[in-house]
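Sequence lines, in order, name chains B and Z. Everything in the first sequence is counted per our numbering, starting at 222 for the first residue and increasing by one. Everything in the second sequence is counted per our numbering, starting at 582 for the first residue and increasing by one.
Hint data in this document are derived by calculation from the structure and do not stem from the laboratory. Glycine is no exception: its CB is placed at the ideal position from the N, C-alpha and C atoms. Just so you know, not all the hints are guaranteed correct.
As the list claims (entries may be wrong) - Below, in silico cross-link-like pairs of lysine to aspartate or glutamate (EDC-like), each with a Cα-Cα straight-line distance of 20 Å or less:
| hint | chain 1 | residue 1 | chain 2 | residue 2 |
| --- | --- | --- | --- | --- |
| 1 | Z | 640 | B | 502 |
| 2 | Z | 698 | Z | 676 |
| 3 | B | 530 | Z | 647 |
| 4 | B | 408 | Z | 647 |
| 5 | Z | 644 | B | 529 |
| 6 | Z | 720 | Z | 704 |
| 7 | Z | 640 | B | 529 |
| 8 | Z | 648 | B | 524 |
| 9 | Z | 644 | B | 524 |
| 10 | Z | 654 | B | 524 |
| 11 | Z | 648 | B | 502 |
| 12 | B | 450 | B | 551 |
| 13 | B | 510 | Z | 636 |
Stated by the list, open to error - Calculated from the model, a selection of chain Z residues having no Cβ within reach of chain B, i.e. all distances over 12 Å:
| hint | residue |
| --- | --- |
| 14 | 687 |
| 15 | 707 |
| 16 | 709 |
| 17 | 730 |
Claimed, not checked - If you want the footprint, here are the derived chain B segments under chain Z, 3+ residues with CB under 8 Å:
| hint | region |
| --- | --- |
| 18 | 341–349 |
| 19 | 394–405 |
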Amino acid sequence: MIRGADIVVRSLIAENAEFIFGYPGGAIMPVYDALYDYSDQIKHVLTRHEQGAIHAAQGYARVSGNVGVVLATSGPGATNLITGLADAQIDSTPLVCITGQVAAHLLGSDAFQETDVIGLSMPGTKWNIQVRRVEDIAPAIAKAFHIAKTGRPGPVLVDITKNAQVEFGEFNYEPCFGIRSYRPYVKINPTAIAAAAQLINDAKRPYVLYGQGVILANAEKELKEFLDKSGIPAASTLLGSGALSQDHPSYVGKLGMHGNYAPNLLTNQCDVLIAIGMRFDDRVTGDLKRYAKQAQVVHLELDPSEIDKNVKCAVPVLGDCKQSLPLLTDAVNSNTHHEWFEKFRELDKEEKAAVMSYDLESTHGGLHMGEVIQLINQFKDENAILVTDVGQHQMISWRYFNYKESRTQVTSGGLGTMGFALPAALGAQLHDFKRQVICVVGDGGIQMTIQEFGTIMQTKAPVKVVLLNNNYLGMVRQWQQLFFDKRYSFTELENPDFIKIAEAYKLRAVKVTERHELKEAVAQMILHEGPFFLEVVVEKEDNVFPMIATGCSVEEVRLS
Amino acid sequence: MNRYTILVYTENFIGILNRITIIFTRRGINIDALTASESRLDGIHKITIEVTVTDDQIKQLSKQIEKVVDVIKVYYFMDHEVVYQEIALYKIPIESLDPSLEKVIRQFNAHIIAAEKEFVVLEFTGHKEDTQALLEILKPFNLLEFARSGRVAIAKPKFSITEYLNNQT
Numbered sequence: 222m223i224r225g226a227d228i229v230v231r232s233l234i235a236e237n238a239e240f241i242f243g244y245p246g247g248a249i250m251p252v253y254d255a256l257y258d259y260s261d262q263i264k265h266v267l268t269r270h271e272q273g274a275i276h277a278a279q280g281y282a283r284v285s286g287n288v289g290v291v292l293a294t295s296g297p298g299a300t301n302l303i304t305g306l307a308d309a310q311i312d313s314t315p316l317v318c319i320t321g322q323v324a325a326h327l328l329g330s331d332a333f334q335e336t337d338v339i340g341l342s343m344p345g346t347k348w349n350i351q352v353r354r355v356e357d358i359a360p361a362i363a364k365a366f367h368i369a370k371t372g373r374p375g376p377v378l379v380d381i382t383k384n385a386q387v388e389f390g391e392f393n394y395e396p397c398f399g400i401r402s403y404r405p406y407v408k409i410n411p412t413a414i415a416a417a418a419q420l421i422n423d424a425k426r427p428y429v430l431y432g433q434g435v436i437l438a439n440a441e442k443e444l445k446e447f448l449d450k451s452g453i454p455a456a457s458t459l460l461g462s463g464a465l466s467q468d469h470p471s472y473v474g475k476l477g478m479h480g481n482y483a484p485n486l487l488t489n490q491c492d493v494l495i496a497i498g499m500r501f502d503d504r505v506t507g508d509l510k511r512y513a514k515q516a517q518v519v520h521l522e523l524d525p526s527e528i529d530k531n532v533k534c535a536v537p538v539l540g541d542c543k544q545s546l547p548l549l550t551d552a553v554n555s556n557t558h559h560e561w562f563e564k565f566r567e568l569d570k571e572e573k574a575a576v577m578s579y580d581l582e583s584t585h586g587g588l589h590m591g592e593v594i595q596l597i598n599q600f601k602d603e604n605a606i607l608v609t610d611v612g613q614h615q616m617i618s619w620r621y622f623n624y625k626e627s628r629t630q631v632t633s634g635g636l637g638t639m640g641f642a643l644p645a646a647l648g649a650q651l652h653d654f655k656r657q658v659i660c661v662v663g664d665g666g667i668q669m670t671i672q673e674f675g676t677i678m679q680t681k682a683p684v685k686v687v688l689l690n691n692n693y694l695g696m697v698r699q700w701q702q703l704f705f706d707k708r709y710s711f712t713e714l715e716n717p718d719f720i721k722i723a724e725a726y727k728l729r730a731v732k733v734t735e736r737h738e739l740k741e742a743v744a745q746m747i748l749h750e751g752p753f754f755l756e757v758v759v760e761k762e763d764n765v766f767p768m769i770a771t772g773c774s775v776e777e778v779r780l781s
Numbered sequence: 582m583n584r585y586t587i588l589v590y591t592e593n594f595i596g597i598l599n600r601i602t603i604i605f606t607r608r609g610i611n612i613d614a615l616t617a618s619e620s621r622l623d624g625i626h627k628i629t630i631e632v633t634v635t636d637d638q639i640k641q642l643s644k645q646i647e648k649v650v651d652v653i654k655v656y657y658f659m660d661h662e663v664v665y666q667e668i669a670l671y672k673i674p675i676e677s678l679d680p681s682l683e684k685v686i687r688q689f690n691a692h693i694i695a696a697e698k699e700f701v702v703l704e705f706t707g708h709k710e711d712t713q714a715l716l717e718i719l720k721p722f723n724l725l726e727f728a729r730s731g732r733v734a735i736a737k738p739k740f741s742i743t744e745y746l747n748n749q750t
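Isolated chain B, as found in the complex (with noise of 0.2 Å):
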């Protein structure tokens, strides 16, 4: 017989679980007690916040494919987890979250750190429980991490009171293997593949969108298979970025409101357009109702809620797409589409006449943010890892960050959670610290979460975190100045000063604000061994472009 505290810790460590990002508090602490025997077994990271904890673990998570795991308390350890909930949920990561409740006798007495964390939790969670027995410990957390990884992935809470975390059981830990209630993947229909690779091979300029469903299926090199022989031109979400190397030659752009200019406006020229594990988000479709009228859609996915939600679709093909996509290779003909690629080409050189040129290669004036990642492009690795927070350095970066490999790629897309940067890098380099982890951040998203600088001190996480200083909330900024007439309302920030701030982090900082300086600031941070900060002053009002407006066709996209 051992403790609830004791079945949580070896329960976990059963499910291969590396790290634990958390703090603690009251209704955790023999669980915290615990962690103190194993040690050896499992790491706890101590974050500052706990919302630094559960983007720490969704940052670790992204790049490892692991489930992160977070431990907080109750009430308010439990109530700052919700952001993070909401941000995993809706971008498909696996984590098992614990929270301490407290004791089972107390429960809706308003008790000290009481909060029904059930309830809270409940629309940002796959799945949730409450755990108010010790016997009921580990099948809970057996299940929790079945939840959690399979299917479309995603943020599962275990509440555990007090009492059964003080109680003794016996621990005889019994992996997940399904629900009956659940089923996560269905079996391919072989007449969904058919009539897909009938409509391909009947197209005359179709058009892959392939998205993080691709990644969570660990289907790369099924997707890279399927465009080496099929010949289609493909585009990237914003979460799918990486899921085929930029050198691919089907490799077409970035779809969406910032993204390319010919990806987004093709869209209403292709004639059958493939959807590969992503979901039509408002943010790549723009106006749902001049959308694409013009293309037949197949839509691969695996979860069927998907089908039909945003897009009608003429032929879904529902299940696992590291299966659906070996079988729809096998069924289309090569081909390839020479005047069709001619087309997006065309249309690339405008968007680099009219938004490469100058975000790029401008020679006088503010620096640009793209002149930075176009840097940091030079000097990183093939599979570094670019973290991002949310606003305009987040679409600059996503735009001009070379993506080479897949699990490079860490931001907060369906939420736009801005804070989620700082501690989901610190997640993503605890992976691995010998990967390069390069965070990019506003000066508006890194005051949410600046406290985790204590964690990449504490750890020791070489972590290069890019400040892109305009001083101002750019992306309302640019809103207000697009849409409601210049009126700046409220996006001017006084700044503290960043580098004094991270040397009291005892991180290396340094300041550029001149366009002779960069190059070098750049490559030291790079070739720096431990954590860097480099705070980049950028033009005060640069836009990022192209861009399609909210309520605006995709074929609207505008250059300027």
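With chain B held as given, fit chain Z onto it using these hints.
Same frame as chain B, but now just chain Z:
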């Protein structure tokens, strides 16, 4: 917009009803009526939801409900595809009892299921239109209280939850 009956078969799991209803709340869809009870199978609960939505909405709703981990299976039907009933209770003061009321009771084949010193309680089962019709007639009799259940429904098309559970993929 059509009226649909959604039949949800679930595990007996705390919070499952909440997980299902928030799917409606989030989309701003009103649940017309809802009943929950054990099904004929041990450990499996059946939730019957009546809702007025579009064809697209019902498809999306049923898929979202089925996505809930502890939901076993979801079916949805139009009114003509289900056999359904609702029970209604009417509390009427003793003073209102007169021959005209007797006529109404006979006409509707309603039952007096309780008689107290000050009131009687009528019970009547049928479709909402029927129980509503009786309600309108009873209002002039100084009706004291009225209660109506949600829909209980059995689908006409053949399906078997047992068979579904045995066919694990």
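The hints, checked one at a time:
Between the alpha carbons of residue 640(Z) and residue 502(B) the distance comes to roughly 19 Å, so the proposed pair stays at or under 20 Å and holds. Straight-line distance between C-alpha atoms of residue 698(Z) and residue 676(Z) comes to about 10 Å, which keeps the hinted pair within the 20 Å bound. About 14 Å separates the Cα atoms of residue 530(B) and residue 647(Z), which keeps this hinted pair within 20 Å; it holds. For the proposed pair residue 408(B) and residue 647(Z), the alpha carbon gap of about 17 Å is at most 20 Å, so the pair holds.
Between residue 644(Z) and residue 529(B), the direct Cα distance comes to roughly 11 Å. Compliance with the 20 Å bound is thereby established for this hinted pair. Restraint check for residue 720(Z) and residue 704(Z): the C-alpha separation of about 15 Å stays at or below 20 Å, so the hint holds. Under the criterion of a C-alpha separation no larger than 20 Å, the hint pairing residue 640(Z) with residue 529(B) is consistent with the structure, at around 9 Å. Taken as a hint, the residue 648(Z) and residue 524(B) pair is honoured in the structure, with Cα atoms around 8 Å apart against an allowance of 20 Å.
Pair hint residue 644(Z) plus residue 524(B) holds up; C-alpha atoms about 9 Å apart against a cutoff of 20 Å. Between residue 654(Z) and residue 524(B) the alpha-carbon distance is near 15 Å, which keeps this suggested pair within the 20 Å criterion. Between residue 648(Z) and residue 502(B) the CA atoms are separated by roughly 19 Å; this keeps the pair inside 20 Å, and the hint holds. Simply put, residue 450(B) and residue 551(B) have alpha-carbon atoms about 9 Å apart, close enough for the 20 Å limit, and the pair holds.
A distance of roughly 18 Å separates the Cα atoms of residue 510(B) and residue 636(Z); the hinted pair therefore holds under the 20 Å criterion. A cut-off of 12 Å between C-beta atoms confirms that residue 687(Z) is not in contact with chain B; the least separation is 48 Å. For residue 707(Z), the non-interface assignment is confirmed: its Cβ lies about 34 Å from the closest Cβ of chain B, beyond the 12 Å cut-off. Residue placement check: residue 709(Z) keeps its beta carbon more than 12 Å from all beta carbons of chain B (closest about 30 Å).
Every CB of chain B lies more than 12 Å from the CB of residue 730(Z), the least distance being 26 Å, so the non-interface label holds. Proximity of the region 341–349 of chain B to chain Z, defined as three or more residues with a beta carbon under 8 Å from a beta carbon of that chain, is established by the 5 residues found. Proximity of the region 394–405 of chain B to chain Z, defined as three or more residues with a beta carbon under 8 Å from a beta carbon of that chain, is established by the 6 residues found.
Taken one by one, the earlier hints all hold for this structure without exception.
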